[in-house]
Each structure stands twice: as C-alpha cells, then as structure tokens.
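Protein chains in written order, with the numbering used here: chain A, 7 to 349; chain B, 2 to 601; chain C, 1476 to 1747.
It should be emphasised that the hints constitute simulated quantities derived from the structure, not laboratory data. Among the hints, erroneous ones may be present.
[Unchecked claim] Between beta-carbon pairs, the in silico distance windows are:
hint, chain 1, residue 1, chain 2, residue 2, range
1, C, LEU1498, B, GLY282, 32 to 40 Å
2, B, PHE338, C, ARG1576, 53 to 61 Å
3, C, LEU1604, B, ARG364, 32 to 40 Å
4, A, PRO140, C, LEU1663, 36 to 44 Å
[Stated by the list, open to error] These stretches of chain A come out as covered by chain C in the derived footprint (C-beta under 8 Å, 3 or more residues):
hint, stretch
5, 170 to 179
6, 182 to 190
7, 281 to 287
8, 313 to 322
[Unchecked claim] Lysine to any residue pairs mimicking SDA-like chemistry, simulated, CA-CA at most 25 Å apart:
hint, chain 1, residue 1, chain 2, residue 2
9, A, LYS160, C, SER1740
10, B, LYS69, C, PRO1484
11, B, LYS99, B, GLN169
Fair warning: this is a prediction, and the values are worked out from it, not measured in the lab. Even glycine gets a Cβ: it sits at the ideal position worked out from N, Cα and C.
Given next are the chains, with one letter for each unit.
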Amino acid sequence: MALTWTLTSAFGTRFLALHGLAPWLRWLGGRLLAGAGAVAAISIIVFGATQALPSDPARMVLGPEAPESSVLTLQRQLGLDRPVAEQYLRWAARLVQGDLGSSLDSHVPVLQLVQARAGNSASLLAGVLAVVVPLALGAGCWLALHRDSWFDRKAVSALIALKAIPNFALGIGLVMLFSTTVFRLLPAVSLLEPGRSPWSQPAFLILPLATLALAGLPYLIRLVRSAMIEALDSEYVLAARLRGVTERRVVWTHALPNALIPAIQGLALTLSVLLGGTLIVEVVFTYPGLGSALNAAIEMRDIPVIQAIVLLVAAGVVLINLGADLLTVLLTPKLRTALGAQP
Amino acid sequence: MNAPAKLPQLLASPALAVTDLHVTLDNGADIVSGISFELEAGQVLGLVGESGSGKTTLATALLGHVRKGARIAGGAVNIAGHNILGTDEKTLRGLRGKLVAHVAQDPATALNPLHRLGRVLGETLTQHEPSLEAASRRQRIAQVLQDVGLPSDEEFLRRFPHQLSGGQQQRLLLALAFLPRPALIVLDEPTTALDVTTQARILDTIRRLCESYGAAAIYVSHDLAVVYQLANRVIVLYAGRMVESAPVASLFTRPAHPYTKGLLAAIPDIGKASAPRPIPGHAPGPGARSAGCAFAARCEWRAESCGVEPALDEIGAGHRAACGRPEALASGASIRFIDLPPAPPARAPLLEVRNARAWYGERQVLFDAGLSVAPGECLALVGESGSGKTTFARLVAGLGAQGQADIRYGSALLDLQARSRSAEQRREIQYIFQNPYRALNPRQTIRATLRHVLRHVLPGVRDGDQRIAQVLAKVALPSRVLDSYPAELSGGERQRVAIARALLCEPKLLICDEVTSALDVSVQAAIIELLQQLQADGLAILFVTHNLGVVRSMADRVLVLRHGRVVEEGSTDQVLEQPQHPYTRTLVGDSPSIRAFQPY
Amino acid sequence: MSRGFLRQPQARAGLLLSGIALLAALAGPLFAPHGAADFVGAVYGGPAQGAPLGYDYLGRDVLSRLLLGGWSVVWMAFSSAFLALLAGTVLGLVAAYAGGRTDRTLSWSADVLLAFPNLILVLLVVALLGRDPWLIVLTASLAFVPGVLRLVRSLALGVAEQEFVEAAELLGYPRWHVLLREILPNVLTPLLVHFGSMLSWAVTILSGLSFLGYGVAPPAADWGLMINENRAGLQAQPLAVLAPVLMIVLFALGANLLAEAVARSNAGTEQR
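Given the sequences, and given the hints that come with them, work out the whole structure.
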C-alpha cells in the first residue's frame, strides 16, 4: 500500500495541486484515484475470468446438453458475439450506471439480490469487528504487560495452535460444541428470515460470528502483543520511567498509542482475510449473506451475480486499506508533516 | 538570565555519595564493582570509559535502574541525603526526575514521537510539583527553555520531536532534566551524535545551567576531549572498576594509571602531530574479567604482584589511582610526537576534481567544490554533518547518484559511476566506509569476501592465497580471521578487514570516510597507526573527517567544507594554526587541545 | 542456520507434528487397509474391529480414506508455495534492483492482486475453468506471489543500501554476482519463514476448496472433502470429521512452528 501511495503522490498530487487544494484533500483524492484504478484492474480480471477466458461461456453456463439455439440466444444476450474489448467497455459502462444486470438463474435484478444479502453479511462483519477489536487490544496489552509469565506462554501457544485450524473446521467444531453434541444451545444453521434485520434474530448470528472472530483473533492478539512489547522496551519509555512517570501513565499514554499504529495495519489485513473467510463460514452455517450467494452463483455459473459480488468484495478491501492508511497518517505526526499538512 | 533559587548547598552535602556500588548480571558476573566517590553541588564529574567499561550501567544505577538481565547487588547511593537504593518503587519514582535526572545519549529515540513538546514538559512538572498553578507552570517552562537556548513560544511548544534538529532535541532533553530543579543530573554521552560546534555550545549550556541551578552533574563519556572541556573532576573506569580519580588538571598533566596514560597516548591531538599508540588487546566484558588487576593483560608494566587487585590509593592531592606498581605510576604518558614529513615537491596531481556539484532530491548540497591530491599525499576533507564532505567523497569514489563533476585521474577523465570506469581505475581508487558493521557481507566468511576480490578484480593472479596472507599481515590480523564471519569480529577488526580488502587491489588512492568514528579510542589509534604506515609506503589518502586531531596527525593538506562550499584550503599547519576563514576559526576554537596543560 | 535450530522446542514440535501429517499423507496409501471407494461397514458406524475410526456417510472405512486423502492436499500445498516462492523472489529481486518504472509496475500489480481475498480468486478460476489440479496449484500460487514479491522487494532494498553491496558495486563486481551472492543470501531467512506461513495458509485454502466441492471429485478421498461429506452426521459419528480436521491442523501447525523456529534461530546471526 505504501507503493500505491508513492505512485499516486507522483500523479495524483500533481494533478490536484494545480487546484491548490489543502494537502489532506490532495492526499485523499490521490488515494481514491489509486483505489479506483485497482478496482478497475480487478474488474478486468473478473471479466476476463468469467466472460473472456472460457472458450464458450454460454455453453459453460447452460451445460453440455443444452440445445444449440438456447446457447446462441444466451450468447446474444450476454453480448458474446462482439469483440472482447467492446464487451468489457459496455459491461463497465453499465456497471458504473448501477445496472448490474439480472441473475441468469432467477432473472431477478442482481442489485436487488445483492442488497438483501449484503446487509446480512455487513451485520455479521460489523459484529465480528465489534468483538475482535476490543478483545485483541485488551488481550494483546494484557499479555504484553505480563510477558514471559506462565499464562503468557500458555496463551501464546494456544493462539499459535488456534491459528492453524482452518475456519470451516472451527465452524464445525463450534457447531459440535454448542449445537449438536455437547450443548444444544444454538442453532446449527442460520435460518434468517428475509426482510428482518439479523440483529433481531441474534441466535443465528452467534456461531458464525464466533467462528470468524476465532479465525481472526490469534494473528491480531499476537500483533498487538508484540507491538506493545516493542513500545514498552523503547528508549522513550525508559526515559519516561527515569523521569519518574508512573507506570500507569507510561502504559496508557506513552506506550499504547505507539502500539496502535502497527495494530491498525494488522486489523486491515485481518479484515481482508475475513472477507474471504466469510464465504466458507456462510456456507457452513447456511447463512444468507453475500458469501453463500457467491458460492451458489459459482455453482450455477450465474455470471452477472458472480461479477457483481466479486467486485463488491474487491472494492471493500480497497476501501478498508484506504481507511487503514488514513488512520495511520492521522495518528502519526511524522507522516502528517510529511504531507505538508498542519502537524 | 534570571538565576532561579539555588538549591541550598548547606543541605545534606555532598550532593552525591556513592559507596561500594556493585552491579552484576543475573548470572552473577560483575558489571561494575567497588565504585565509591563523592560529588559536591555545582561540580561536574567526568566519568570516562570505553565500551564495555560499565559506564552506562553505572549511570542508570544512580537512579536505581538497571537494564533487564542485571541486578544491583550491593552498595549505597545517597543523593542529598536520600537513600536511592534502599527505597521502595513508589518513593523511588517520586525521586526520579525530581531529585536526580537522566539525560539519554540519543535524543531521537529518547523522545516519544507522538507527544508534543509542551505536553512532555508539562507532564514532568505536573508529576513532581502538582501544587503548581497553571500560570507558574507556564512561567517555569518558558524559563527553562530560554535557559537552554530554545524558543518558548506557543508554536514551538506545539511541535513534535521529529520537527527539531539533533541539537535542538538534545537541548530539549536538557530542559526536561533541569526543569524540576534536581540536585543531580546524570548525562550519558549526550553530545556523541552531535557536531563539534553544536557540541561545544551544548557543553557550555550544561556548565551554565549547573552553576545557576546549583546542580551537580555526572558526565559519562568515552571522549577525553569533551571531559577536558567540561569537568572539574574525572574518574576513569576500566572493566567495571575505578582505576583513577583526579581533578581534571592533574589527570591531563600527570596521568597516573597505565590505562589513562594509554588513552592519552592513543588520542591524536590538534596541538601537535602524533602517532597514536593503540592499546594492545581489548577490554574484557562482564564475566571475562580475571582476578587481580583487570588491565594487567594489556599493561607494559605488569608483574607478579598484579595478580592481586590493587586498591585505589591516594597518590597526590585529591588524586587516586589503582595500580600496585610505583614505576608505572611515575612514568609519563608516552605520547609519540612526530614531525610529519615535509610536503613533497609539487607534482602532477594524481586526482583532480573541479566543479563538483551534487543534489539530494531537489536540494543542492555541493556547490562547485574542487580538490586535488598528489601521489603519496594525504588530503583531509573537513566539515561537519551536512557540509557535504561525505557526498563529495562518494562522488569521487564513483557512488554519486545525483551529481556532476570534472574528475581527472592521472591523465584520463574519470566517469562519475564506478561501473562505467575502467577496471584499472576502479582498482586503483579504493573506498573505506564509515560503518564497519555494515561494510562486510554478514553471510560470507572473510576468506570468501577476499577471494571474491581476487576473482573479479584481479583475475589471472596465481598466488591469490599468498597475497591474502600478505595483506592480512599488513593490517595486523591473524590468519584465523579468514574462517570467521563478520559477526564474530570486533568493530576494529572488521574495519581492518575492509582495509585489507582495499589493499588487495594494490590501490594508489585510498578514500577513507570517517573510518574511525564508529570505534573506541584505543581501537581508533590502531586504524590511524595503520593508515600512517600506508601513507609512509606511498599511498595517497583522501581522508574525510570532523576530528581535527586526526587531521593534525595525518594530513599534509586540509580542505574545509561548509554547507557544500570550500571555505578554506591549505597546508595543515597553516589551516590549523592560522585559520583565515571565520568558520575555520570557530572549528579550531571548538576543538581544544587536551595537551594544553602539558608543556612540549 | 542449523546452529541452535534443532535445540528449540518449536523446531522439534514443528517437525513432530508436521511429520505425522506428512507421514500419513505420503506413506498412508501403502498402509490403507481398504480402498477409498470400498463399502465395508454401516453408514456412520462407530469404531469397530479393523476400523478404529469408524465408517463414514456411505459406510466406507474412515481410516483408509484418511490415509489416502492427504496426498492431494500436501503435494498441491507444497507446489503452490514453492512456485510462489520462486516467481515472487525473482520478481521481487528484479523490482528492487531495477527500480524505476519496472519497480512501480510490478509493485502496483502486486497491490492489485493483493486486494483480492485468496480463496475467492482461486474459487473463481477453478469453478469456471475446470478443476484440473495444476490449474488449482497455479492459481493458488498466483494468489501468494504478490506477498512474496513485496517481501523480497523490501528486504532486497534494505540489503541493497548496505555498505557491503555498495562496496561490491565500487569493486565492479558483475551484476549477477551482486544479486545472487551479495543480496540473495541475506534475504533467505525471512523468506524461509514466509514459506512456512505460506504452506500453512495453502493447506487451509486447498482444504477449504475441496470442502466446497471444488477439489478432487468424489469418490476419491480428500481431507477437505471428507469434512464436508460427513458433517451431516457430526452428532452420530464425529470421528469421520475430526480425523481429517486433525490432520490438517497438524500439518498447518507444524509448518508454522518450523517457520517460527527458523526465525528465532537466526535472529542473532543476520546482521549485527
């Protein structure tokens, strides 16, 4: 991401500087441009994988037994009889206008389909964030403050072991624990009622949320722990201690703010990974979100749906990284002054 | 400047009393032991020692702190009547900063990058004088900032540490230390990272502040010249023990302990050219110290009796030394004064540079600089950090990324990039880097590194291994280093390997970029001695340095650079004794001769 | 590197755990009592004589399928990690050494690819272009290459500005020597650590892929597939799911521990 930043400051800032905008806006504009560029590149990849590469996408969608006439109709429908570049541009143009096409399977407009599911996935991810962030910060700091104690060593080993378990296995394990074998508290399958907010049916949210949280926590906790240890071992903390600053102030106002900065980048990485993990977890729990929709679409070769969801996810990752970079710059005085902004 | 209320000296004096301080590693090995001394208010004590002497450990131990892996095993530290080592954590924290303050060596890392200056200063005062009202707090902060020579306006207080220069950062640390008006300030080599002129000004500030605030100070350093300028009394530390303690005048005119004498003989001084004498061997680290006198293994006066640890005995007024050999104590420091051979008659220069310009990004850092080096001559390129001397040297060597110059080597024009030069030219001009810890590939044995030189620079030679052996002998390294990796060698040894690598190419010109700055005093002497020998053998040397003592002892001619421009040029005697340019005069003035006390 | 490496508990644990999984995966087929498709017992039958892990959802022997089902995951994980290492290292070194436009293009491409959650990328390609094992390996390694590229690039840049590399330039050493003998050896250790993490991650992705049904086709045995096939009977016969999960965890955990051990044992000897 640092590279995209340098790239855009070379071209974004020069462009925007002409307009004399404040350094913040210049930087932000530059990054948005870079992000848009990345999403555009991804759209080419997605388009390529779904429409350009397969030798006969229409045949692929309908299957080998479908009659030739239906294949031809679909081809014309998808615009496959035109040159590839033109196909891409038409597709991109429609996309930008908000026309995501219609599902090949159900003929429902993709936008409608996606909207319903997106809300569910967003709720799930928001819940995960709400759980993971305070937990990682708290546990990471606590472990750092008690480093090398018996508990710390056991905890770190446990986290290493936890990280090695694939997320779908975690999901199944939780189902076994809380739904089927050990306790019978929570539903094994998330049968959310469409139209109602997932938060009003919390029982269905708990297990998928827990699975994703458990998948993301080990890396994040260890990251916060090591960032905190590094801050506590630093020269400026030693200097503060030698000035007689109380240990409490040292931890909260001297060390912790410095540990937050690497933690933010780690959080962005974890979120991006979780976006991918949601797919499998939603399948495990039959949670009606974007992930399971994508899975179904892939199975049915429902190209417009696939394209829309994948692009959405990619745009999401780009936004997350942008947010993380923004936050990092906001929190690091050195970077703020480097931008030329008010420190 | 208003002198704030002085701490009553009539209070439990002395300001500092250390009795038999003993710090060890967790496994029991001694770091420092038997440390006892006293200090009065307003006095400055210089604590001199090289790396491994334990001086930094001693400095923090005075605040009751030791780094992880060490413990305070015994002794007492009494500051203005308060027992430091005996109290609990809570009281100790109250005393730190208020009674005794510590100034760190590297200001860049000692300041929290996220805290504004005003906040840091305010925090200290709130911590130690909570009853102070906001108005008085502001007043005190403004006062101390003025006293250290920093601005005290709102804009400055809102700055972050990275927005200050190195000198300003160090001044801020001083302000932080003096703000609560402690009785004792411990300064751990605070000027090591600074320029000579900045250093001189900061030392001046420290002296003034101690006087007006009535604080006692301990200045830890490896640099005898600095101690000479600042301290009233000096203690020399070796292998964790005090080996000599004296008023500053006595130490420099009549050094007693062989180690002190060795140090003085190892430092090249600006007053008169000398051949620095290295002290053979190296200092033992904690755990490797033998019973008896720790210095015996390296001492030329050692005898049977040195197997028993000598006590720190009084040998003169206020002058104590720990040596059991009267002959050793009585002899003078054996400084080898030399007369540099007269400048060779003017000959066609080996290297001539004209109109050298260089940029660092958008900024120009060299403005039409020029120099010339005759065969066998040593030219010193002198300047402070930011003067462009390293950029200039790198440009000549062929590493200049953004630069232009007309460089003539012999009769041919030299390209700016080393890769575009002829193999012959590359071979004959060699470059030694400042940092010996990064100049060798950590993953290759020394033999491999040297063999690569033979393979790529001198293809076709048959007696490669023999040449390697010869060159190692020349730099006084044993053949066993061939099988070592750089991490197993000391800084001085690594620098010698770098020189050996250069010598293997049979160069005519050696460009040395501050090659002794990263090393201890006694090790520096060995490198300088080696370079002086090479010079006597006819090698031309372009020597980049900020140390005028080295210039006096090695250079035939001197070039002074300031902000990328040549401000003065001439023979060494001329420039150092009758500097013309005001900048040169300041430089020379800020590097006093430590032999000033001694009649020649 | 071997200095002190084996003395670390992480190294030994790592070798042990991954060793068990590897043994089961590689040597397993020799010891499987039954074939992958043989129906030998009751559907979801519990452990019995000759079938210590019970039977799966079609009555096949779990132990046999376990021993037969590791091969595909393991060879594909190693291949994709190794290919990514090779391609990423070459590209990263090139980007670092060449600089300028080459560097910018490569880095930007890496950033774009990185914006894609790995699993989705692989899933997409595999689902639409067919489930040829080499296609899976190639796509998975494609997902890893940007990470390796960025790592190698930043390491190489760090090393390239060290004085001993400048010394090699000054001495006029040929470019290939500078890249291969001066820069590369100093970049190796962090790379090895990253390889361990990649392996562990690859196993997770690949087993996830077969869990979703895009790996080897039934009735072949595959750890990921087994987990999905038998999860309906989790209550009755947990072993059919737990056994393959355990194998995957052992492998991933072992790889991670080995990577950590490599990092620790070299922490001191890299640079002073």
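A quick look at each hint next to the structure:
Look at LEU1498/C against GLY282/B: about 55 Å separates their beta carbons, and that is not inside 32 to 40 Å. Distance hint for PHE338/B and ARG1576/C: a CB-CB separation of about 59 Å, consistent with the stated range 53 to 61 Å. Taken as a hint, the range 32 to 40 Å is violated for the pair LEU1604/C and ARG364/B, whose Cβ atoms sit roughly 54 Å apart. Under the hint 36 to 44 Å, the C-beta atoms of PRO140/A and LEU1663/C, about 39 Å apart, fit the expected range.
Counting residues of the stretch 170 to 179 of chain A whose CB falls under 8 Å from any CB of chain C gives 8; the rule of at least 3 is met. Coverage of the stretch 182 to 190 of chain A by chain C holds in this model, with 3 residues showing a Cβ closer than 8 Å to a Cβ of that chain against a need of three. Counting residues of the stretch 281 to 287 of chain A whose beta carbon lies closer than 8 Å to any beta carbon of chain C gives 5, which reaches the threshold of three, so the coverage claim holds. Here's how the stretch 313 to 322 of chain A fares: 3 of its residues keep a CB closer than 8 Å to some CB of chain C, so the rule of at least three is met and the hint holds.
For a cut-off of 25 Å, the pair hint linking LYS160/A to SER1740/C stands: about 21 Å separates their Cα positions. For the hint pairing LYS69/B with PRO1484/C, the CA-to-CA distance comes to about 24 Å; that is within 25 Å, so the pair holds. Of the pairs offered as hints, the one joining LYS99/B and GLN169/B holds, with about 23 Å between alpha carbons and a cut-off of 25 Å not exceeded.
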